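Engineer: Generate coordinates for the entire structure from the input sequences, incorporating the hints supplied.
Residue numbers (our numbering), protein chains in the order written: chain B, 25 to 313; chain E, 5 to 213.
Keep in mind that a hint or two might mislead.
[Claimed, not checked] Chain B regions said to be covered by chain E (calculated; three or more residues, Cβ under 8 Å): (1) 170–179; (2) 228–238; (3) 277–287.
[Stated by the list, open to error] Pulled from the structure, derived: some chain B residues nowhere near chain E, Cβ distances all over 12 Å: (4) 30; (5) 77; (6) 86; (7) 206; (8) 242; (9) 264; (10) 265.
The set of hints was computed from the structure by calculation and includes no laboratory data. These numbers were taken from a predicted model, which means no experiment stands behind them. Even for Gly, the Cβ is constructed at its ideal location relative to N, Cα and C.
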Amino acid sequence: MIIEIRDEVVALSGVLRRNHWRTLESAVNLRLRHHPAGIVVDCGGLIALTPEGAETFRDAAAHVAQAGASQQQQQSARMVVANVPPDVMRVLRGIPNLGSQLPIATSVEDARASLGLARTPARASGTGRDGTRAATPPGVVVAGLLGTSADPHAVAVACRLAQNHGSVVHLAYLLVVPRHMPLLSALGEEETRARQTLDSLEGGVRAAGLIPVSRVERTRDPASRLVEVAAETNAEAITLALPPAPDGDLLAVTDATLARARCDVLVNRLPGATALAAAEAGAPERRER
Amino acid sequence: MRYILHPDEYAVVFLVASLALGGVYALLRITLGGARQLRQVVLPSKIYRRILVPAAADMPIGADAVQLACRLAGKNSAAAGSNTPITAVVLAYVIEVPRAFALSAALPEEEAAANDALARAAEAVRACGLQAVSVVRRGRGVLDETLRAASEENADLLVVTTGQVGPDSTPFSPGGGEEETTGTEESFSSQIARRAPCEVVLAHTTGTR
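Structural biologist: What follows is the structure, given as structure tokens:
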């Protein structure tokens, strides 16, 4: 296997048969010193991946997260995997607690943007004195997905906010692990459903001209985890959506997120059928000033 | 010796078999490809024609509420080929009339405050390139009159920020504070979100933390 490192991008090519973390460790540490936001692992050149080789990603992600925490940075370092060939993705997703937890971006540029490292301005706004447009730094919006029918609305609102900056939308699917089960338990169907939901919503984000980064977050406290994701990604806003008749758990998660988040939180509550019917029953003509 | 097929028929059989296999392959591609496409979720369009931002004496329209309404209006705010924006931001100021007075009683101070607040907010809306509609409403309670306004103004979206209603520890769960505003245990935010005839966006903005 060949490893090439340039700036914050670690490019892997060839066949990853064994755990090569020890080979990568010193180079990654050096990169993190110069790029504390994190690293991007470009898998575009990977021909094949074995389950043992996939442990490289697990060890690397754990080390990067720990390195960020130990340096007491305001924003913890992250590792984003990019440009993953379909065969390699299949192997990754088949490994419990790995494929679903790795942040995966479609391209290296998307991954760099999600780390806040985009070289070119995503969208320009405002005009300078000489008529040139001033660049705005890309912003990040996190859409919290609670596994309800309203999740597309959370993503749509996130896209609407992100369009002002033309940048990254993080789709964080919160997978609640029951307390009687270990946190890393395989949740089978739920995890599959989470991944399918993320795959389908990513397409919607790309259609809006934005960059999706999807992640499945296994947690016992979804509100806290969502707030942590927003802090890690330096998000400007969190969006959530509630269906017309949310249960107590959903409302509690929403309230907890509103209370704990350090960034803006937008909650999109969808109207109930009875409220809509009452409105349609006959509203008098509107009056305007 | 008797053949199953005459040698002259081989070409015809081969042609028919090829066509049949090709047809099956095409059918499979269309159905499976369509099934894959069906899995793609189309995001809700979020095109809002009328966004209502409520206000009252104890629920001022802050800059964050106006800015949020403008951001949520999105880039569909201008109709193609015309200067008229598609989206209108309806600024509805509710004057709470005490029960001791008739609804039509003269309340010059309250009306002056309402007009002043609406004028400033409308200017901010127009600065975003959107159409501003200002409405003064009179009612016995801010919550009920706001909901009535959302219905009568045909609002697609109701925007409320915590800068307006005040920080609430549990805005969505029943039993949250703000008893002064509603006189009931359920918070203003919770009631408005539950009873509104349209979508509601409740926002906690960092300016109010």
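Engineer: Could you tell me which of the numbered hints above are not met by this structure, giving the numbers in increasing order?
Structural biologist: Hints 9, 10 not satisfied by this model.
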